[in-house]
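> Given these sequences and hints, build the entire structure.
Protein chains in written order, with my numbering: chain E, 1 to 225; chain W, 1 to 394.
What the hints contain is simulated information worked out from the structure, not anything from laboratory work.
Careful, some of the hints might be misleading.
Some chain E residues close to chain W (C-beta under 7 Å, calculated; not the full set) [as the list claims (entries may be wrong)]:
(1) L51
(2) R72
(3) A75
(4) R78
(5) G79
(6) L90
(7) L92
(8) A104
(9) Y107
So these bits of chain W aren't anywhere near chain E, every CB distance computed over 10 Å [claimed, not checked]:
(10) L47
(11) P119
(12) A155
(13) V160
(14) R235
(15) L351
(16) F354
(17) A360
(18) A371
C-beta: ideal position from N, C-alpha, C; glycine also.
Letter by letter, the chains look like this.
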Amino acid sequence: MGLKKTYAGPEGRPVPVLAGVDLEIASGEFVAVAGPSGSGKSTLLNLLGLLEPPDAGEVWLGEERVSHLGRRGQARVRGASIGYVFQSFLLLSGLTALDNVLLAARYVKRDRAEARRDALALLARMAVAHRKDHYPTQLSGGEQQRVAYCRAVLNRPPVVLADEPTGNLDDHHAQAILGELRQLAAERRATVLLVTHRREAQAGADRVLYLSGGRLLSQPPASVA
Amino acid sequence: MRLSALFPRGYAFTVIGIAVGVAGLVALGAMAERITRFIEGGDRFVLGQISIAGEGMGMGTGFTAGGILPASRIAEIAAVAGVSGVQAQVMLPLNTSTSHFLTLTQELIMGMDLSVPMPNRHYREFPVRAGRSLRAGDRRATVLGSDFAASRHLAVGDTVALGGQDFTIVGILEKTFTAPDRFALVPIEDARDLWLRRDPLLVQAFGAGGMRRADLNTGAAVGWRDGEDPDALARRIQSTVKGLNVTIPGELSQLLRQSTAFFSALLLGIGALGLLIGGLSLANTVTAAVFERIRDFGIKRALGATDLDLLGEVLGEGLRVSLWGGGAGVLLALAIGTAVDSRLLRDGQQLFLFSPRLLAFALVFSVALGALAAGYATLRIARLSPAEAIRRGT
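The structure is reproduced here in structure tokens:
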């Protein structure tokens, strides 16, 4: 609620990105946020995912005001309640595909054997189980994104945030990832927030919002419409 | 588990960087250890006995430069209260063209009166590595210092020419890292023969009468009874027996330390330089390695890692990397030092001393500093938000 964020530009001049964003998403809802590059979509996702602090405003998860938790509390929320899918995958180059997925379980102290079973099942579901012992550089872009998706949902987080998850994929792999995100919301009642500038990625979303001038709009701005 | 499985993946260059720094530290430290042991060894020897020569200047060298010390004087010294034993000695330079002033490193023939036990409190007997010590009744037999023997590839049973006379080697001393490493110990009667062969003037004096073979001594080592203050006893001998050059152990030790003050300063500088170079290299390498992984830390924090989780992981990796780097550095320094010393040993020299305490210190130092550097870098990174860490590392 009322999220604001300003970055320092060249020569220290402030560059406002979010000018007071209010957004409420229900459990099981699939919301897409559209907007051109530089409109602040990723910043919004970072604030909602506790990846960086807002200058003003609050983030609530259920009944908990998570934006005001301490560092340890926010780490707990990130590990247990939020799953991220990044545009550039962000897999750790020194770990195999399986170990990258299992990394999500490490910090929430899950039972390792159980987490491994779940990770293998997810990799099989995403058709990359045969690549489990490969390192990221040995995987294609589509395979890396599917591994990153497995990592994001391994702990069955109630909130999944996806930042241009199809930006580096071909149509086939993009549809596979989008299908999984829709299924998460529909079947597991997860809250899914997708930011994208691709129109086809917005299809099937319960709501499509538009970020323009640092504010969220329910209708596309005149220049887009 | 294979050793390679324990190697921290992706840290090869970091390990090499640390190894080079630690190798520098260990090599410089080994040089400092060598100098320290030399000074300490010399100090230990001179503090274990009172060294006495006859008054004036003469052929006597080593610890007892001075005039001839006749048997009558030795008997007078033995009668001074507090003296526990006197051993007559003849010290001659092996090579007479060598300056007598280079007493710390020159090769010496040391003739010892084997009928008297060694009075030196710190060396009741020179430690023998191979063969045996000299015994009363031995003639044309010698026990060689380790460097003396190694530089000539001599072993027990071989023959060595000393002052133009052949001697059978009956023993080789353990390495002491100080003066005795370059000694050839012989029975005093053989040393007297060598002295007479070398010094025609002495033969004339000897032939003119008034002197017996027992008077041909360049000096004597004097021991003291328990509870006796050696410096006070040395002064008492000086005042009681006329015609002596008495070295006061405390003053000689001080003199030795003053004359080696340059080496002490050098050693301090080498040690400080080693710590600085090795430490900076290691800390810089580990810190850079951690900062290189800033993106990984951002991702891990996005996945729920706390500051403590990251610190634990980084310290674990830092310890492993430092141990590998430190171990490799120690091995590298050992390899270089051994190669250099094997070449220098041909001239009876040794540049490095890799003592266990030095190697242990190098490993502990590298691990501790590595952990400290890793911890510092992690705390710096932990200040960033996960998004900022990912942005900076991408």
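> The structure should be examined with respect to each hint, and the outcome stated for every one.
So, going through the hints one by one against the coordinates:
no., hint, verdict
1, L51, "4 Å, holds"
2, R72, "5 Å, holds"
3, A75, "4 Å, holds"
4, R78, "5 Å, holds"
5, G79, "2 Å, holds"
6, L90, "5 Å, holds"
7, L92, "5 Å, holds"
8, A104, "5 Å, holds"
9, Y107, "4 Å, holds"
10, L47, "58 Å, holds"
11, P119, "67 Å, holds"
12, A155, "55 Å, holds"
13, V160, "62 Å, holds"
14, R235, "73 Å, holds"
15, L351, "41 Å, holds"
16, F354, "35 Å, holds"
17, A360, "31 Å, holds"
18, A371, "20 Å, holds"
The structure shown violates none of the earlier numbered hints.
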